[in-house]
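Visitor: These are the residues of each chain, in order.
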Amino acid sequence: GAGVSQTPSNKVTEKGKYVELRCDPISGHTALYWYRQSLGQGPEFLIYFQGTGAADDSGLPNDRFFAVRPEGSVSTLKIQRTERGDSAVYLCASSLEPSGANVLTFGAGSRLTVL
Amino acid sequence: DAKTTQPPSMDCAEGRAANLPCNHSTISGNEYVYWYRQIHSQGPQYIIHGLKNNETNEMASLIITEDRKSSTLILPHATLRDTAVYYCIVRAASGGGKLIFGQGTELSVKP
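Protein sequence lines correspond, in order, to chains U and V. Heads up: the first sequence begins at -11 in the working numbering, then just goes up one per residue. Heads up: the second sequence begins at 954 in the working numbering, then just goes up one per residue.
It should be emphasised that the hints constitute simulated quantities derived from the structure, not laboratory data. Watch out, some of these pointers could steer you wrong.
Stated by the list, open to error - Residues from chain U shown here face chain V by an in silico Cβ test under 10 Å; the list is partial:
id, residue
1, Tyr23
2, Gly47
3, Asp51
4, Ala76
5, Cys80
6, Ser87
7, Thr93
Glycine included, each C-beta is placed from N, C-alpha and C at the ideal position.
Let's have the full structure, built from the sequences with the hints guiding it.
Guide: Now the structure itself:
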């Protein structure tokens, strides 16, 4: 597609539930990044993929968070046993390659609210 | 990745140039300077980036000092639509190229 697409745009869930957030990157982009942004803060890096593999997951806050990219295109961020502190906007970005010379293009984000 | 320092907020009059400073005194030779902005409730939008030389595109100009320890983003004729948070980021050329965001500068363009 023309840009990075994220679904759903808004998700409201209850504490303890399981949530999946989807990211559809720009066609042909091999690198895909997930970020989390809390109110009033800059985006916080979570994980990035080069192709199908997670190359750097150092930003995942704990083992309730997991992400996959099985075919090297679409990625899903999975959050188990959600907590109120997980409420944030989850941003996805993609780039042609994971190099500092390649621009990251961001999606509009998925706003998660945990009640 | 090198850390950046930006003023938390700035004002600019509509139609005037907006000059946003950024300090990155610990930048290394293979690190790029990137600028993104984020308009309320939207994802970050790429503006411009550079390594050593000054750069210009349809959105802005990037001026990097000769020692590369600081830079300035210039929006030549600011409009109300340029009101946003502007992030200056130093990004490694290799190792995944992830962007590490700071707090940014909240630019308010006033009529």
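Visitor: Are any of the numbered hints broken by this structure? If so, which, sorted upward?
Guide: Structure breaks hints 3, 4.
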